[in-house]
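Asker: Letter by letter, the chains look like this.
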Amino acid sequence: MAADDAGRMVPHARASPVDGRRATLPAVTARSEVPTSFRSSSVRPGPLALIRLGVSETLSRRRLIAYLVRADLKKTGADTLLGNVWWVVDPLLQMLVYWLLVGVILNRGASTPDYPLFIFAAILPWKWFESTIKDGAQAVVSQERLIKQIYFPKLVLPLAASMSGIVNFAFGMVPLFALILLVYPERLSAWLLLIPVIAVVQLVFSTGLGILVSAMNVFYRDIGNLSRHLLRFWFYLSPALYGVDQVDKLAGKHEVIGIWFTLNPWTYIFNSYRDVIYYGRAPEWSALAVIAGVSLVILAASIWCFKRVEPTFAKVL
Amino acid sequence: MSIDPDGATAINVRDLGVRYSLRLTKKQTVKASVVRRMKRQGETSFWALRGVSFTVKQGESLGIIGPNGAGKSTLLQVLAGIITPSEGFVEVDGHVSSLLTLGVGFDQELSGTDNIRLAGAFMGLDHKLVEEKLPGIVSYADLGDFIDAPLKTYSSGMRARLGFAIATAVEPDILILDEVLSTGDAAFRTKSKERLGELVEEAKAIVLVTHDMGWVTEYCNRAMLIEKGHIVVEGSPEDVVAEHQERSARRREEQLAAGVFAQAKPPPARVTR
Chain A
1 MAADDAGRMV PHARASPVDG RRATLPAVTA RSEVPTSFRS SSVRPGPLAL IRLGVSETLS
61 RRRLIAYLVR ADLKKTGADT LLGNVWWVVD PLLQMLVYWL LVGVILNRGA STPDYPLFIF
121 AAILPWKWFE STIKDGAQAV VSQERLIKQI YFPKLVLPLA ASMSGIVNFA FGMVPLFALI
181 LLVYPERLSA WLLLIPVIAV VQLVFSTGLG ILVSAMNVFY RDIGNLSRHL LRFWFYLSPA
241 LYGVDQVDKL AGKHEVIGIW FTLNPWTYIF NSYRDVIYYG RAPEWSALAV IAGVSLVILA
301 ASIWCFKRVE PTFAKVL
Chain B
1 MSIDPDGATA INVRDLGVRY SLRLTKKQTV KASVVRRMKR QGETSFWALR GVSFTVKQGE
61 SLGIIGPNGA GKSTLLQVLA GIITPSEGFV EVDGHVSSLL TLGVGFDQEL SGTDNIRLAG
121 AFMGLDHKLV EEKLPGIVSY ADLGDFIDAP LKTYSSGMRA RLGFAIATAV EPDILILDEV
181 LSTGDAAFRT KSKERLGELV EEAKAIVLVT HDMGWVTEYC NRAMLIEKGH IVVEGSPEDV
241 VAEHQERSAR RREEQLAAGV FAQAKPPPAR VTR
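If you read the protein sequences in the order shown, they are chains A and B. Numbering follows the numbering used here, in which position 270 of the first sequence is assigned residue number 270; successive positions increment by one, without gaps. Numbering follows the numbering used here, in which position 175 of the second sequence is assigned residue number 175; successive positions increment by one, without gaps.
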């Protein structure tokens with residue numbers, strides 16, 4: 001037996017821990033959602049195999065992600081008087097702040113009719129993005145104890161952060177539709193039904209970045225702090241509180257500004273949301289398609305990076 | 001799988017090496033002893049385990065002993081799939097349950113019941129099985145009405161009971177134990193020792209890390225002494241325990257002779273409870 005093992009060691013070297021786990025997938029017993037037997041070695045599979053593994057193990061742990069999301073949602077509502085009502089009130093209050101500051105005090109909203117809806121169309125998706133990145137940064141490091149105690153695919157952690165963001169976004173539809181129906185009924189259009197399509201593109205984009213941030217934060221804890229500030233920069237340097245017309249004016253004077261807004265994915269994501277919510281027209285499909293493509297590449301690259309460093313999490317944390 | 005088809009081998013470890021990178025871990029408190037040793041050598045990495053090979057057959061129960069910082073816990077983490085080897089490989093045939101520490105997946109804001117579900121999902125247990133086992137876990141943990149209260153309201157004893165109940169709810173093929181008995185009050189310790197006894201009976205293979213030499217001689221039919229990441233001796237529990245005690249006594253004498261406070265003093269063999 002020992003000789004047999006020694007003799008087969010070379011072919012083993014090619015078979016990765018990954019292959020070992022996957023090879024047993026059909027043999028999953030009734031009591032386990034994951035393969036039981038495994039083989040763990042120092043050999044790491046290639047990028048494509050890692051991405052495939054990341055996707056498959058995430059799919060097999062759907063229920064864990066669902067539980068984590070539910071736990072997160074329960075927590076955000078716990079300990080507060082209004083509970084889950086905050087999900088609805090929160091974006092409205094944020095909109096109110098920006099409306100007072102930019103629209104009333106700085107009087108910049110005058111040129112934009114229905115300015116509250118104009119910014120609300122951007123605040124909702126941004127809050128989702130923000131929470132995905134912020135929670136994503138903490139997702140892995142906050143489960144330090146668990147990671148050292150049992151084996152589970154760590155990818156579920158940033159993914160759960162991303163998924164609870166969607167739920168919050170979905171709840172944000174309540175104040176959005178209330179605002180449109182009660183205050184701006186003339187803005188109601190069938191294009192609103194396209195919100196989910198844009199949301200899917202955003203989901204891919206933000207999940208990719210969330211995964212990346214969650215892995216980097218394990219090694220450099222500054223990422224969490226840094227991302228908070230970067231997010232703020234990013235928000236103000238994207239057409240959220242102002243329209244692309246403002247950008248065009250500035251871009252004429254400073255070339256850099258034009259380049260930044262052309263490369264900034266959020267220019268296109270905000271524009272798309274605003275097209276269907278505020279203007280009641282079709283989004284720029286070609287731009288959205290490019291963003292979707294780029295996001296898929298980012299997501300794949302993030303999963304690869306994450307899976308590459310995942311084995312060291314238990315040691316570094 | 002390359003584990004032999006007759007299923008006689010439960011765990012197969014070959015030339016296992018686990019390296020910790022100092023550069024990545026220096027800010028963290030990985031293990032004080034590890035860091036100390038690394039600094040003395042002025043190296044950027046440290047081998048917590050090196051050249052470790054052994055097999056555990058079905059029906060066998062292996063006790064692993066050794067001084068603090070010898071690499072015992074790292075070895076268990078590798079067997080549980082938590083850490084991947086830096087060299088060599090590990091093959092495990094069967095469903096592993098690692099009772100490395102209790103309280104897996106605990107979430108302060110969630111109720112006891114929700115924590116059981118969450119822990120089950122983290123351990124990869126089938127949803128139906130968890131729901132099936134839920135009443136049993138709840139009654140075993142003996143928490144009364146607290147089972148529906150958030151975990152933050154629990155006392156540490158209640159937490160330990162719930163953790164133990166969750167961790168031992170499912171009978172694994174391969175049981176990996178790391179000093180889990182030192183929790184809870186006396187009554188629960190008796191109860192938990194009983195349950196562990198049951199698991200030990202049912203498991204196809206057991207790997208046990210403990211400082212309690214009584215456990216090794218009582219429950220294990222083979223033992224292994226690890227020091228500084230290497231296997232020193234392997235054999236019958238009595239021989240290995242005797243060797244370990246002799247070596248640690250010698251180490252203590254050397255340290256006393258050198259006038260060093262016995263910092264890395266291995267804990268003395270505890271009396272079996």
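Keep in mind that the hints are not guaranteed to be accurate.
Said to hold, decoys possible - Sample of chain A residues facing chain B (criterion: CB under 7 Å; computed from the structure):
(1) Phe-38
(2) Arg-39
(3) Ser-41
(4) Pro-45
(5) Arg-63
(6) Tyr-67
(7) Ala-71
(8) Lys-75
(9) Thr-76
(10) Tyr-151
(11) Trp-191
(12) Gly-224
(13) Asn-225
(14) His-229
(15) Arg-308
(16) Val-309
To be verified - With the C-beta cut set under 7 Å, the calculated list includes, among others, these residues of chain A facing chain B:
(17) Ser-40
(18) Gly-46
(19) Ser-142
(20) Phe-152
(21) Ser-227
(22) Leu-231
(23) Pro-311
(24) Lys-315
Hints are computed from structural coordinates only; laboratory data are not their basis. Where a beta carbon is used, it is the ideal one built from N, C-alpha and C, also for glycine.
Asker: The hint names Ser-227 of chain A as touching chain B; please verify it with the least Cβ-Cβ distance against 7 Å.
Answerer: violated (19 Å)
Asker: Take the shortest C-beta to C-beta distance between Trp-191 of chain A and chain B; is it under 7 Å?
Answerer: violated (39 Å)
Asker: Grab the minimum C-beta distance from Ala-71 of chain A to chain B and call the hint holds if it beats 7 Å, violated otherwise.
Answerer: holds (5 Å)
Asker: Are Ser-142 of chain A and chain B close enough, Cβ to Cβ, to be under 7 Å, as the hint says?
Answerer: Violated, because the Cβ-Cβ distance from Ser-142 of chain A to chain B comes to roughly 11 Å (cut-off 7 Å).
Asker: Let's test the interface hint: is any C-beta of chain B closer than 7 Å to that of Arg-63 of chain A?
Answerer: holds (5 Å)
Asker: At a threshold of 7 Å, is the proposed contact between Arg-39 of chain A and chain B supported by beta-carbon distances?
Answerer: holds (5 Å)
Asker: Against chain B, is Lys-315 of chain A within 7 Å by beta-carbon distance?
Answerer: holds (6 Å)
Asker: Using the nearest Cβ pair, does Pro-45 of chain A come within less than 7 Å of chain B?
Answerer: The hint is violated - Pro-45 of chain A has no Cβ within 7 Å of chain B, the shortest such distance being about 12 Å.
Asker: Under the criterion of a CB-CB separation shorter than 7 Å, is Thr-76 of chain A in contact with chain B as hinted?
Answerer: Violated. Min distance 9 Å.
Asker: Min Cβ distance, Phe-38 of chain A to chain B: is it shorter than 7 Å?
Answerer: At 6 Å from the nearest chain B Cβ, Phe-38 of chain A passes the 7 Å test, so the hint holds.
Asker: Would you settle whether the hint for Val-309 of chain A is holds or violated, based on the nearest Cβ-Cβ distance to chain B being less than 7 Å?
Answerer: violated (10 Å)
Asker: Any CB of chain B closer than 7 Å to the CB of Gly-224 of chain A?
Answerer: violated (14 Å)
Hint compliance for this structure: hints 4, 9, 11, 12, 13, 14, 15, 16, 18, 19, 21 and 22 are broken, all remaining hints hold.
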